[in-house]
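Visitor: Going by this note's numbering, the sequence shown opens with residue 261, and the numbers climb by one from there.
Don't read these hints as lab results, they were simulated from the structure. Check the hints yourself; a few may be wrong.
Label pairs and their in silico Cβ distance ranges [unchecked claim]:
hint: 1; residue 1: Pro-275; residue 2: Arg-324; range: 24 to 34 Å
hint: 2; residue 1: Leu-312; residue 2: Asp-274; range: 33 to 43 Å
hint: 3; residue 1: Asp-274; residue 2: Asp-303; range: 25 to 35 Å
hint: 4; residue 1: Ala-283; residue 2: Leu-312; range: 29 to 39 Å
hint: 5; residue 1: Arg-323; residue 2: Pro-262; range: 15 to 25 Å
hint: 6; residue 1: Thr-304; residue 2: Glu-327; range: 10 to 20 Å
hint: 7; residue 1: Glu-311; residue 2: Ala-283; range: 15 to 25 Å
hint: 8; residue 1: Leu-312; residue 2: Arg-286; range: 17 to 27 Å
hint: 9; residue 1: Ala-283; residue 2: Thr-308; range: 27 to 37 Å
hint: 10; residue 1: Arg-286; residue 2: Arg-323; range: 28 to 38 Å
Note that the coordinates shown come from a computational prediction; the quantities given were computed from them, not determined experimentally. Glycine included, every Cβ here is placed at the ideal spot set by N, Cα and C.
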Amino acid sequence: MPTDPVGRFLAALDPEHREAVSARPREEQERLAAAWERELDADTELDTLDELSPPAAEAEAARRVLESGTE
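When you get a sec, could you build the whole thing from the sequences and use the hints?
Guide: Here it is, written out as structure tokens:
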């Protein structure tokens with residue numbers, strides 16, 4: 261399992277989005293990973309989901325980051 265933020269973010273994405281984000285410049289990947297970490301930290305609904313399934317919470321936060329204007 262990746263330990264750096266970008267690697268963890270990419271691992272949380274579905275395969276299609278992972279491929280698309282991997283093709284972007286590293287700087288943009290780092291920006292998206294930082295937004296993903298903020299989403300995980302800030303959303304209380306994700307805290308509850310994280311208790312039940314950490315991978316599901318990470319995937320939901322990744323989906324939200326890509327769907328929001330953060331892209």
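Visitor: Sort out which numbered hints this structure fails and list those numbers smallest first.
Guide: 1, 2, 3, 7, 8, 10
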